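Participant: Here are the chains, one letter per residue:
4 protein chains.
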Amino acid sequence: MSTFGQIFRVTTYGESHCKGVGCIVDGCPPGLEITEAEIQVQLDRRRPGQSHLTTPRSESDTVTIQSGTEFNYTLGTPICMTVPNKDQKPHDYTETDFYPRPSHADWTYLQKYGVKASSGGGRSSARETIGRVAAGAVAEKYLKQLGIEIVAFVSAVGPVRLPILDDFSEQSSKDFTALIDSVTRDQVDQFITRCPIKDLSDKMTNEIEKRIVEKNSIGGVVTCVIRNCPLGLGEPCFDKLEATLAHAMLSIPATKGFEFGSGFYGTTLSGSEHNDPFIPDGKGGLKTTKNHSGGIQGGISNGENIYFNVAFKPAATISVSQATSTYDGTQGTLEARGRHDPCVLPRAVPIVEAMASLVIMDAIMIQNSRALANSRLPAIPENLKGINPLQTKIKLT
Amino acid sequence: MSTFGQIFRVTTYGESHCKGVGCIVDGCPPGLEITEAEIQVQLDRRRPGQSHLTTPRSESDTVTIQSGTEFNYTLGTPICMTVPNKDQKPHDYTETDFYPRPSHADWTYLQKYGVKASSGGGRSSARETIGRVAAGAVAEKYLKQLGIEIVAFVSAVGPVRLPILDDFSEQSSKDFTALIDSVTRDQVDQFITRCPIKDLSDKMTNEIEKRIVEKNSIGGVVTCVIRNCPLGLGEPCFDKLEATLAHAMLSIPATKGFEFGSGFYGTTLSGSEHNDPFIPDGKGGLKTTKNHSGGIQGGISNGENIYFNVAFKPAATISVSQATSTYDGTQGTLEARGRHDPCVLPRAVPIVEAMASLVIMDAIMIQNSRALANSRLPAIPENLKGINPLQTKIKLT
Amino acid sequence: MSTFGQIFRVTTYGESHCKGVGCIVDGCPPGLEITEAEIQVQLDRRRPGQSHLTTPRSESDTVTIQSGTEFNYTLGTPICMTVPNKDQKPHDYTETDFYPRPSHADWTYLQKYGVKASSGGGRSSARETIGRVAAGAVAEKYLKQLGIEIVAFVSAVGPVRLPILDDFSEQSSKDFTALIDSVTRDQVDQFITRCPIKDLSDKMTNEIEKRIVEKNSIGGVVTCVIRNCPLGLGEPCFDKLEATLAHAMLSIPATKGFEFGSGFYGTTLSGSEHNDPFIPDGKGGLKTTKNHSGGIQGGISNGENIYFNVAFKPAATISVSQATSTYDGTQGTLEARGRHDPCVLPRAVPIVEAMASLVIMDAIMIQNSRALANSRLPAIPENLKGINPLQTKIKLT
Amino acid sequence: MSTFGQIFRVTTYGESHCKGVGCIVDGCPPGLEITEAEIQVQLDRRRPGQSHLTTPRSESDTVTIQSGTEFNYTLGTPICMTVPNKDQKPHDYTETDFYPRPSHADWTYLQKYGVKASSGGGRSSARETIGRVAAGAVAEKYLKQLGIEIVAFVSAVGPVRLPILDDFSEQSSKDFTALIDSVTRDQVDQFITRCPIKDLSDKMTNEIEKRIVEKNSIGGVVTCVIRNCPLGLGEPCFDKLEATLAHAMLSIPATKGFEFGSGFYGTTLSGSEHNDPFIPDGKGGLKTTKNHSGGIQGGISNGENIYFNVAFKPAATISVSQATSTYDGTQGTLEARGRHDPCVLPRAVPIVEAMASLVIMDAIMIQNSRALANSRLPAIPENLKGINPLQTKIKLT
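Chains as they are written, first to last, in our numbering: chain A, 8 to 404; chain B, 8 to 404; chain C, 8 to 404; chain D, 8 to 404.
Since the hints were derived computationally from the structure, they do not count as laboratory data.
Given the structure is predicted, the values throughout are model-derived calculations rather than measurements.
Heads up, the beta-carbon is just placed ideally off N, CA and C, and yes, glycines get one too.
Among the clues, some could well be false.
[Unchecked claim] Footprint (simulated), chain A over chain C, 3 or more residues, beta carbon under 8 Å:
1) 29–35
2) 68–80
[What the hints assert, rightly or not] Cross-link-like lysine-lysine pairs, in silico, DSSO-like; alpha carbons within 27 Å at most:
3) A/Lys217 / B/Lys93
4) A/Lys400 / D/Lys402
5) C/Lys151 / B/Lys400
6) A/Lys151 / D/Lys148
7) D/Lys402 / B/Lys93
8) B/Lys181 / A/Lys297
9) D/Lys210 / B/Lys148
10) B/Lys93 / D/Lys151
11) A/Lys402 / D/Lys205
12) A/Lys93 / C/Lys93
13) C/Lys217 / D/Lys222
14) A/Lys26 / C/Lys217
15) A/Lys402 / D/Lys148
16) C/Lys222 / D/Lys222
17) A/Lys151 / D/Lys181
18) C/Lys205 / B/Lys400
19) A/Lys26 / C/Lys148
20) B/Lys400 / C/Lys148
21) A/Lys297 / A/Lys402
22) B/Lys402 / C/Lys402
23) B/Lys222 / A/Lys222
24) A/Lys400 / D/Lys148
25) C/Lys222 / B/Lys402
26) D/Lys222 / C/Lys294
27) A/Lys148 / C/Lys210
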């Protein structure tokens, strides 16, 4: 449904042709400083019209905080954030409305809801993601206080791909590790593709430009890293951290897959190749050397970098003529309509970051409740075999 | 946490060294015929010791229905199912207990819960999945009444891979389509690898046998198809069908990735290549030709085969010596302990099927509530532009 | 938290001094005709300034539907409804701000959230209920299609009380039954007290006027009846229909108690006095004669009138001087501030109706999912003792 | 449904004639010492056959912890607790099975689920409460570590009532306050009625014995007090502490009403009479003098005693002949069957305590998540009017 999260909960609303879109963030910690300007930063990174590579539609998408803050501090009460739609009027039928767009949501929405909204795909509109990004910006502001950094970037556009996606050699792995250890949003935003590696980005630009000329579109991959994530996040057995991340990512429109750590490549390895041995971290704890685990073991964060890939299909709405069928089964040709996004990847970057923020934030809140409860209990006696001498109090994040 | 689903809800319990494992299934439709024997079928496919390729531990894992049925019919009340553990006693410490197993959950469980269970990884034990399989068998019994078929199989073991995983040529796609259109559990169970293609299965057997000799392990991929799934399942925007499937699959121990339909490969295509044109289905509705969408569009099932891949890493518990660290940071060598599973893939098949059943079952229940509510409303007037003339009553699944 | 319901879910936002208040309704059946004007009706019944008996503040509280409908039909997507606040600015401190208002939420909000909002009690503001009423109006529109009627009225103001609250004689019960069998909102709205019995209403008016002169306030009771409720609603064991009704009612500000059917009085009876014998209902089913059960048996609606009482304390904000303490423990006198509601009861009526609508609506949606699933199963064989021959298919509501 | 709570979650299972009853407790803090013997204490207080006043059926109801603990310490994983049924076999039909028992759940269960369980009322069986009591005992063990005390007692049996239920004079209030300030479970258990006041208890005993002779039953009231409850519990606006308490209490079989603090009596007072002025508590905070608020203001605990009344109807199962109807509408006489409970009140006491424990425990867990998150934020600047200078960090409970 339209609510995500257990304690830090986001409920979004809105489709293309209604009055507006937005969200309610419930369960936000009180006393957090947050301004509309801080939220606007990520909305601006998401909006169309940022470069010639994305849809030429221009939407300013200005957010207003309706409730839940005073003098720029959160009150702990629901934060409603709204963004008005420019195009608020459901339109009358045109020729193209009689065709469900191939690989779009027009047909399935009609089957599911029994109603054909004038926008066709209802909530499958990209505008739905505005509420997610606004909510993610609030979560992220909190996470920054804990030193947590979340950075996503475009790692593939069509056949132009970051080496690690296909080449798992030591050098390739080393390069990738160096990249995710340090990459910043500023570096990502230096390039209109949001790929932070210049020559790769240039090739991606060429690839997208080619698709613009073709009136076609192209898919790709977004890679995301979460640095300085506290240990102990994730709620087995069903809400393992990778499971909620996968849920979050696959809920983004146009996504086709998710993998974390060694991912699909890891399936080809033997246990001795794949396993992450432990070494002391120099701070009284342990760390791993290879991080094939992608920062998550047994469904729980281990303090290493969490990294994952999200697959995005090519945008379904294209201007190339398509031989297809009308709703009532008449075969014909769907001609170009409207302006569209030749490649959603650059704009998907802040959406992936937002969903990652929501997952981590909620996981922290749940682990908080356990850690604080545990801290109030007397220590387990020293002489208990099995559960001792290794147990300790849970660290308060 | 340990509950999955909104209306058809499963709550599981149990780890390795407690009295038993199992689950409570809440929200099951009343009047469904179900026997312990039917549930036992899938538990038997999951249990260790089925062939020389899996762990030699022998566990009979016999299920008892504690509640919720009478005379083999469900009452609509919670169905508790229990399976006793053979090895019920938390054991005393041995040398190896001082090492968190690399890439296992020992270290993160200690960080999260502050308690070192004698089993190390607590709920990360494979025995946790028994409750899922039992619950899935109940869901599946219902789905069969609607004609829904769910079949999973092993598509890769290490480097031995079904062609479609790497080769997306027309022929390869055609072969794969033919396979998932017709593959049955009987065909899958003809081979101890649970790969239904003989020569591939033979190579997988060799690969696993090699790892047994090495005292090592190997990863792989499970592919799953859901046939005859009703249209209209999935709850955007956050609970799209692919999102809840991804959540379900990534909650299975040892999983590293999920992709559906064209998946990661689809990211390399252009929109015109990737899009699924519609054609009449001959029954008053529409179907697609390529099914790159993998049976899901806009987060909602479209009636085509739903298919997806789940990546499993090599089992972390191996008998090869590993240079690693103790909990307190002393570096040393973790020697072999216990018997382990060289390849979890064959046993993962019924677990993937179970989780898929739970997702589809819950999605049906939610869509049911909407469809029946909608059926009680007067029709939308004919003259309404935009939402007419295409809308219709939702089909009752 | 700020979300209510499992399938038909309402999330509200807003406090006194923010930009606005409202809600998101998720899970509404598609194809329901609903207009802003229909929602406004109940908001107008809730707003202050309707008569000299309520607070003289005048708030128009005009609702705007932001999303989820087109051409006045619901799309099945989230319906966001917003109402702007007149008084949007958090104000600076005045003398009275240093006193937590006695029996108000100022002190507990500060303890819970660690933040002193300028409005003092944050979400405990009566404006929070606007979102509930708007959401309830949507639910109610659906319920009307099924013939369900929900009518609440004021049954007590201070010592002025409907006889049935103290006198359980046969005559009193008969009068009460006649009242709830037929009372309409029009009848209720004929009197500014919203008590539909003229002489009782006149006495209530006097009672409230007396409190206005005193700069004081007075409590009371709202009674609510739900007629033509389908059989089979309510989700044991924890979400029995009376339990979710009680939850809903006690979540309304200023409430102190809830009782249904025979209520607290019923505790004084013997089983043979209290029990409701069955008689045929003339339509193939059964009905009860006394309805001590208040329309709910075993946590499930039985088709009879559901009726219940909700206790409201006197409004905490009064203009009489009060000897009390500042936040930092200095004792002093809190002088009158602002205009206040001498009696919240008349305005509470639509809020009680709204919450009742939300409970029944959600219960229908959940039962729908079960009933439709059950309808797809083959019948239980005739020869099964115990569960036969009495079972039947669940009736589709 | 059969799960209660957001973070500390209980899922129960079982009815009369299945193999057993019990629960899974998910989200319990790790490191809590708990034994089966501690849980058994409350189960023994709940079981039938404790005195001649309750049902003569003798059930030992011995609990086994299946999972989630080792060496008597919780692991933070789901705790499954099971209690076998003595009478495990669904029985064949007898004459009385053709009559839905008046005011019982037989009729509504058949309508809701379409299945007639041999026990008639399915989960409405009193045995369903065993899982609640076991779960409550775990919660309570934690609460005791924080110094929280929960004591319930019988305050009315039919017409024999504690004075405060009808007499709100200063003396009566003073007596009641003294009682709830100090009453212990030991004091409650000195009397078989579980009313801790000897002469009142004697009268209750007489009342119940009278009903035994009559083969009848009698209702009553349980009063419960929660002492030393931390400030700040409860989650407005929908999950106010009184709302979740009401939900919990009205989910107990046979309950008809709930009131807290001044309750229904408070509706007759004026604001100046009812309001609770603040005074310093001598520990840097504030307290109230009258506690009409019943320990909850604005839906949030204020640190005072939380107290409330729960109304129980007379048990529906009686041996007196009743003129009623069969399922198919034939009127006749339902003759006595089985042994029954003439008064459920004494056995209801531990059930009320259990549900109160579950509510408080879950509320603590949720507030923990907020408080710990808030503690990690920098302080709000001193110069902010409105939200300052009063705000502070949330106290860690």
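Participant: With reference to the structure, classify each hint as holding or not holding.
Facilitator: Quick rundown of the hints versus the structure:
1. 29–35: Since 4 is at least three, the answer is holds.
2. 68–80: holds (count 9)
3. A/Lys217 / B/Lys93: violated (63 Å)
4. A/Lys400 / D/Lys402: holds (20 Å)
5. C/Lys151 / B/Lys400: Given pair C/Lys151, B/Lys400 holds - Cα atoms ~19 Å apart, limit 27 Å.
6. A/Lys151 / D/Lys148: Violated, at roughly 37 Å.
7. D/Lys402 / B/Lys93: violated (46 Å)
8. B/Lys181 / A/Lys297: Measuring from Cα to Cα gives roughly 39 Å; hence the hint is violated.
9. D/Lys210 / B/Lys148: Given pair D/Lys210, B/Lys148 is violated - Cα atoms ~56 Å apart, limit 27 Å.
10. B/Lys93 / D/Lys151: violated (35 Å)
11. A/Lys402 / D/Lys205: Given that 27 Å is the threshold and the Cα spacing comes to 50 Å, the pair is violated.
12. A/Lys93 / C/Lys93: holds (25 Å)
13. C/Lys217 / D/Lys222: violated (51 Å)
14. A/Lys26 / C/Lys217: Violated, because 46 Å separates the two Cα atoms, which is more than 27 Å.
15. A/Lys402 / D/Lys148: Holds. A/Lys402 to D/Lys148 sits at ~22 Å (cutoff 27 Å).
16. C/Lys222 / D/Lys222: Violated, at about 55 Å.
17. A/Lys151 / D/Lys181: violated (53 Å)
18. C/Lys205 / B/Lys400: violated (47 Å)
19. A/Lys26 / C/Lys148: Between A/Lys26 and C/Lys148 the Cα gap is close to 22 Å, so the pair holds against 27 Å.
20. B/Lys400 / C/Lys148: holds (19 Å)
21. A/Lys297 / A/Lys402: Roughly 25 Å between the alpha carbons, so the hint for A/Lys297 and A/Lys402 holds.
22. B/Lys402 / C/Lys402: holds (18 Å)
23. B/Lys222 / A/Lys222: Given that 27 Å is the threshold and the Cα spacing comes to 55 Å, the pair is violated.
24. A/Lys400 / D/Lys148: Since the Cα atoms of A/Lys400 and D/Lys148 sit roughly 18 Å apart, the hinted pair holds (cutoff 27 Å).
25. C/Lys222 / B/Lys402: violated (60 Å)
26. D/Lys222 / C/Lys294: holds (25 Å)
27. A/Lys148 / C/Lys210: violated (56 Å)
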